[in-house]
Amino acid sequence: ETGVTQSPTHLIKTRGQQVTLRCSSQSGHNTVSWYQQALGQGPQFIFQYYREEENGRGNFPPRFSGLQFPNYSSELNVNALELDDSALYLCASSSEGASNSGANVLTFGAGSRLTVL
Amino acid sequence: AQSVSQHNHHVILSEAASLELGCNYSYGGTVNLFWYVQYPGQHLQLLLKYFSGDPLVKGIKGFEAEFIKSKFSFNLRKPSVQWSDTAEYFCAVNAPYGNNRLAFGKGNQVVVIP
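Protein sequence lines correspond, in order, to chains A and B. Take the first sequence: its position 30, counted from the start at 1, is 30 in my numbering, and no numbers get skipped. Take the second sequence: its position 20, counted from the start at 1, is 137 in my numbering, and no numbers get skipped.
Just so you know, not all the hints are guaranteed correct.
[As the list claims (entries may be wrong)] Short, incomplete list of chain A residues facing chain B, as computed with Cβ under 7 Å: (1) Gly-28; (2) Ala-38; (3) Leu-39; (4) Gln-41; (5) Phe-45.
[Stated by the list, open to error] Here are some chain A residues pointing at chain B (derived, C-beta under 10 Å): (6) Ser-33; (7) Gly-42; (8) Gly-56; (9) Arg-63; (10) Phe-64; (11) Leu-67; (12) Val-105; (13) Thr-107; (14) Gly-109.
Since the hints were derived computationally from the structure, they do not count as laboratory data. Ideal Cβ positions, reconstructed from N, Cα and C, are used throughout, including at glycine.
With these hints in hand, go ahead and build the complete structure from the sequences.
Take a look at the structure:
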């Protein structure tokens, strides 16, 4: 069973640019969530995707957007990058789906570290 | 919305010492509770979880946590730590049927000195 894989592992962008981060979910998982972890902080929920649609969103502006594909993989897109977007972006998958009991454990990837200069 | 508080962000202790990390959450309803651990250079992984039943939960590597509903707490404990327990520990909570979004605390950076 493969885990959650994310790419790229590290990248550097400048203010105003756009970035796309990718995530392949664990085998058997149909739900993908994205989290932002700033330095010295815990992960913050960005949004979740299930059945290729956004299924819940945290307190992040619309320039943070995502996609989920039929194979359950996902992308996180951030437009008009700001310095404060520098963080580790974590993808997590689960088999939660629409039931949303919260009882399905998330499997996290290693993250994509974004630096905005 | 749920929020989670973890105190004593940096903890340094010697091998064989006991460890207790505090976690308090603010949410009035039923919650699911988790402790995740991130070892150096590795990804977040589940240490233990509480959904219902016995409030004393045992996890991997000798860790346990106790859910005290009246105190809105879910403290993590280990009686005798090892050098390999050096890691960052995160408490997290979600509300059932709330889109499975986890609210994390800021984490505890634990360093165990051999």
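Hint-by-hint comparison with the structure:
no.: 1; hint: Gly-28; result: violated (16 Å)
no.: 2; hint: Ala-38; result: violated (10 Å)
no.: 3; hint: Leu-39; result: violated (11 Å)
no.: 4; hint: Gln-41; result: holds (6 Å)
no.: 5; hint: Phe-45; result: holds (4 Å)
no.: 6; hint: Ser-33; result: holds (7 Å)
no.: 7; hint: Gly-42; result: holds (3 Å)
no.: 8; hint: Gly-56; result: holds (3 Å)
no.: 9; hint: Arg-63; result: violated (20 Å)
no.: 10; hint: Phe-64; result: violated (14 Å)
no.: 11; hint: Leu-67; result: violated (18 Å)
no.: 12; hint: Val-105; result: holds (5 Å)
no.: 13; hint: Thr-107; result: holds (8 Å)
no.: 14; hint: Gly-109; result: holds (6 Å)
In summary, the numbered hints that this structure violates are 1, 2, 3, 9, 10 and 11.
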